[in-house]
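Participant: Sequence:
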Amino acid sequence: MIMLRLTLRGLAAHRLRFLLTGFSVVLGVAFVSGTLILTDTMDRAFTRMFEGMDADIAAVVRPQQEFAQGFAAGGEAGTATLLPDDLAGDLAEVEEIQAVYPMAEGTAAVLGPDGEEIGGQGPPQIGTTWHDRPGSGSGIVAGRGPRGGGEFVLDQGSARAAGLSVGDSVTVRAGGEDRDMILVGVFRSGQLGSTAGSTVAAFDLPTAQRLLLGDPDRVNAYYLDGVPGKSQWQIADAAAPLLEPGMESLPMDIVRDEQLGPMREALDYFGVFLLTFAGIGLFVGSFLIFNTFAMLVAQRGRELALLRAIGAGQEQVRGAITGEALGVGLVGSGLGLAAGVGLAWSMLAAVEALGIDLPDTGLRVTPLTVAAAFLVGTGVTVLAAYVPIRRGTRVPPVAAMRDDAGSAVAPSTGWGRAAAGLLALPGGAALLWAGVRAPSAEAAPWLVGFGAGVGFLAVALLMPHVSRPLIALMAAPFPAVFRVAGRLGRDNAVRSPRRTAATATALMIGLGLVAAIATLSASASRSVDVEIDRALGADYIVTTDGPTETVSADALDRLREVDGVDTVVPMRIGQAQVDGELAFTVSAAPAGLERTVGMEVVRGAAQFDGEGFMVAESVADRRGWRVGREVSFVFPDGGEADLELQGVYSASQAMRSDYLVSPAAYRAHFPQDLTLSVYLTADHASPRVRGAVDTALADHPALEVMDRGELKERNRENLALLTNTIYAMLLLSIVIAGLGIINTLALATAERVREIGLLRAVGLSRVQLRRMIRLEAVVIALLGAVVGVVLGLVFAWALQQVLAERGVTVLDVPAGQLVGLLGVAVVIGVLAALWPAWRASRLDILRAIAAE
Numbered sequence: 001m002i003m004l005r006l007t008l009r010g011l012a013a014h015r016l017r018f019l020l021t022g023f024s025v026v027l028g029v030a031f032v033s034g035t036l037i038l039t040d041t042m043d044r045a046f047t048r049m050f051e052g053m054d055a056d057i058a059a060v061v062r063p064q065q066e067f068a069q070g071f072a073a074g075g076e077a078g079t080a081t082l083l084p085d086d087l088a089g090d091l092a093e094v095e096e097i098q099a100v101y102p103m104a105e106g107t108a109a110v111l112g113p114d115g116e117e118i119g120g121q122g123p124p125q126i127g128t129t130w131h132d133r134p135g136s137g138s139g140i141v142a143g144r145g146p147r148g149g150g151e152f153v154l155d156q157g158s159a160r161a162a163g164l165s166v167g168d169s170v171t172v173r174a175g176g177e178d179r180d181m182i183l184v185g186v187f188r189s190g191q192l193g194s195t196a197g198s199t200v201a202a203f204d205l206p207t208a209q210r211l212l213l214g215d216p217d218r219v220n221a222y223y224l225d226g227v228p229g230k231s232q233w234q235i236a237d238a239a240a241p242l243l244e245p246g247m248e249s250l251p252m253d254i255v256r257d258e259q260l261g262p263m264r265e266a267l268d269y270f271g272v273f274l275l276t277f278a279g280i281g282l283f284v285g286s287f288l289i290f291n292t293f294a295m296l297v298a299q300r301g302r303e304l305a306l307l308r309a310i311g312a313g314q315e316q317v318r319g320a321i322t323g324e325a326l327g328v329g330l331v332g333s334g335l336g337l338a339a340g341v342g343l344a345w346s347m348l349a350a351v352e353a354l355g356i357d358l359p360d361t362g363l364r365v366t367p368l369t370v371a372a373a374f375l376v377g378t379g380v381t382v383l384a385a386y387v388p389i390r391r392g393t394r395v396p397p398v399a400a401m402r403d404d405a406g407s408a409v410a411p412s413t414g415w416g417r418a419a420a421g422l423l424a425l426p427g428g429a430a431l432l433w434a435g436v437r438a439p440s441a442e443a444a445p446w447l448v449g450f451g452a453g454v455g456f457l458a459v460a461l462l463m464p465h466v467s468r469p470l471i472a473l474m475a476a477p478f479p480a481v482f483r484v485a486g487r488l489g490r491d492n493a494v495r496s497p498r499r500t501a502a503t504a505t506a507l508m509i510g511l512g513l514v515a516a517i518a519t520l521s522a523s524a525s526r527s528v529d530v531e532i533d534r535a536l537g538a539d540y541i542v543t544t545d546g547p548t549e550t551v552s553a554d555a556l557d558r559l560r561e562v563d564g565v566d567t568v569v570p571m572r573i574g575q576a577q578v579d580g581e582l583a584f585t586v587s588a589a590p591a592g593l594e595r596t597v598g599m600e601v602v603r604g605a606a607q608f609d610g611e612g613f614m615v616a617e618s619v620a621d622r623r624g625w626r627v628g629r630e631v632s633f634v635f636p637d638g639g640e641a642d643l644e645l646q647g648v649y650s651a652s653q654a655m656r657s658d659y660l661v662s663p664a665a666y667r668a669h670f671p672q673d674l675t676l677s678v679y680l681t682a683d684h685a686s687p688r689v690r691g692a693v694d695t696a697l698a699d700h701p702a703l704e705v706m707d708r709g710e711l712k713e714r715n716r717e718n719l720a721l722l723t724n725t726i727y728a729m730l731l732l733s734i735v736i737a738g739l740g741i742i743n744t745l746a747l748a749t750a751e752r753v754r755e756i757g758l759l760r761a762v763g764l765s766r767v768q769l770r771r772m773i774r775l776e777a778v779v780i781a782l783l784g785a786v787v788g789v790v791l792g793l794v795f796a797w798a799l800q801q802v803l804a805e806r807g808v809t810v811l812d813v814p815a816g817q818l819v820g821l822l823g824v825a826v827v828i829g830v831l832a833a834l835w836p837a838w839r840a841s842r843l844d845i846l847r848a849i850a851a852e
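Residue 278 in full-length UniProt numbering sits at position 278 of the sequence shown, and the numbers go up by one each step.
Worth flagging that the hints you see were computed from the coordinates, not collected in a lab. Ideal placement from N, C-alpha and C gives every residue a C-beta, glycine not left out. Wrong hints could be hidden among the right ones.
Per label pair, the in silico range of CB-to-CB distance [unchecked claim]:
id, residue 1, residue 2, range
1, Asp554, Gly149, 15 to 21 Å
2, Gly823, Ser650, 40 to 46 Å
3, Val762, Leu719, 55 to 61 Å
4, Asn724, Gly279, 17 to 23 Å
5, Gly150, Gln577, 40 to 46 Å
6, Glu600, Ile254, 41 to 47 Å
7, Glu116, Gln817, 32 to 38 Å
Put together the whole structure using the sequences plus the hints.
Facilitator: So this is what it looks like as structure tokens:
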């Protein structure tokens, strides 16, 4: 009980000193708990939304799916095949089935009054079939259902967002063409009334078949409503005898789980992405915690020795201070959890601002999230404080009560740690090199990442020993430029190498990762530019607005008629299991690909002969395939075929696939034409030809034309978006590192009160004192930045080497950005020193001199 009171009094007495330490715990825990709350809430929202849709459906009849393509334009789960619509009558006669709903589904964009697509490039734009189904959860809230080719209904959220009302004439974009239709109704989607931001336009069955599928006699699937008392499996089994080969009937729960699967997988990746940066922030915060307790234990050496002298055991004293760390962790975890709730709410608001309007199911805070928040917060705090607490409480009481108690308790540089660092550094380098030379593309990034982590740890262990010479080098101009303040600032920075090293290491990690990402981003951008200049022979590239749109046959015909266009090469995509291995495939004529994307046939025939395929040279070598070999293909509809390997090619990155299927094989096994891009060459690329291409596609507004320069710019924009997102995530660790500098300087000035008083007494002005502390902060920040940038460059080089086979062939060092990082470090140092410098300059000189 006595030691508990001592712990509580210690927390109260040093509450200001624990403030920044606790704040770093709050930030880290908020990021962890906020991420868990966000992903749990979104998972529940999506689950309830899907459960609320098609609530009346017991089973689904659809084309058999060996695997989902995942990129098809419309269709049931991305399948490329359709069902005959005359199956509905047979299904309706089954005793266990009381209603059959044929479904034609695809992509349909609705243009608002401003002429832009509702939802833009955000959530999906869905076209589907409208059926009056009272038990489905969906129903008309204004107007009526569609009854003819010029009518449609729209989901309530999209109609409200675009300001559309029943009776409006609206442009609907489907099948690559625009049509003026009448909005005859607005419907509520599902029991929760949410489409997660998707635009859903529904038509009567004949219109949906014509617009969405281009086939008046086919549908994507049949939704079956069973009689009461029958299970979903019983309904599905009852329909099975009527199905032809290539069809399947499944319970709706199975289909719904398949629909939710990709979303849950995306949420898992998103959560891991955010938690990775939360972990980095907590790791950086551990250095702040380490420094805080190391300095507090050193400053309280006499107090702790007195406790030992009056009978407290070493373990009791150690337990009391550990209790302080536990208290900081518990309070920080509790506040962090509360902040995490606010952060999750803010992130949900940001998600909705992007157009993903989730149903309001409330934030989901699970017991697992609460436990994780407290476990992470208290665990990191206690573990980070353990070493300085153990070291400080091992000092004998008599030594700690001397006048020079601070030196007795202050830690040394630790040659054992240096030895560990010297062992770890070549180990990290060996892992990096192993990753660079690894034959496995899957293992290489992990080896490089692990090697980088070991390298950062090794440098952190060695930092106390290299900080003195590095600071002496970086601060060499200080005495000449800032005179007395510069000399004192430089000397103060090296007085406690371990303290300086721990503070600088926190910033080293954050800025080092920023340097690595900046270098890798610049390298990727430069590599794409080089590859486009080297291999892309196409003068123009036609692409779709999104992965759910395709280039229609009409658009291809119009492109072929353009005066000045020499070659038109449509790139059709697909997916198949090739000799048991799932593969992404493309289909086009080899001659056209040689002219447009730099493909070169190195073995076998230069042209296809009937049904066959070609393969990239790397795959042929890896799998030991020779020209003439027959290889087993399994297609998404369950069909199988043995295709002859007719050629081997060396491909540029523009080729996009290791498997090239002949047009004849594509037509036979991929009934739905998935052309997502077209490559054009011109006799003489000119504004006239570009204008003619744009004019030819005027009736196909979903298609976009780019020349090589525009393609480069698009790639740079996409990379910049990803890079800026990562920078924003790393900002957490940099903020915590800045707090570490503030904390170190604040505790250091409290430790040097008498010294500051003496300096003021012998003539050091307040301005000089503040400058001294600012320069100390700047040189500590520069130390972390310089070492971090060097390590970041090494990490980026290794990653670039690993990613060379995936297109990052050029290492481009963004010198301007890296110099800018050093400038950022200076700014961080100056800002971090503001409060400690102001506080030190306000000390009363006589009281400071009299302080112990």
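Participant: Could you run down the list of hints and mark each one as holding or not?
Facilitator: Going through the hints against the structure:
no. : hint                        : in the structure
1   : Asp554 x Gly149: 15 to 21 Å : 19 Å, holds
2   : Gly823 x Ser650: 40 to 46 Å : 44 Å, holds
3   : Val762 x Leu719: 55 to 61 Å : 57 Å, holds
4   : Asn724 x Gly279: 17 to 23 Å : 21 Å, holds
5   : Gly150 x Gln577: 40 to 46 Å : 43 Å, holds
6   : Glu600 x Ile254: 41 to 47 Å : 46 Å, holds
7   : Glu116 x Gln817: 32 to 38 Å : 35 Å, holds
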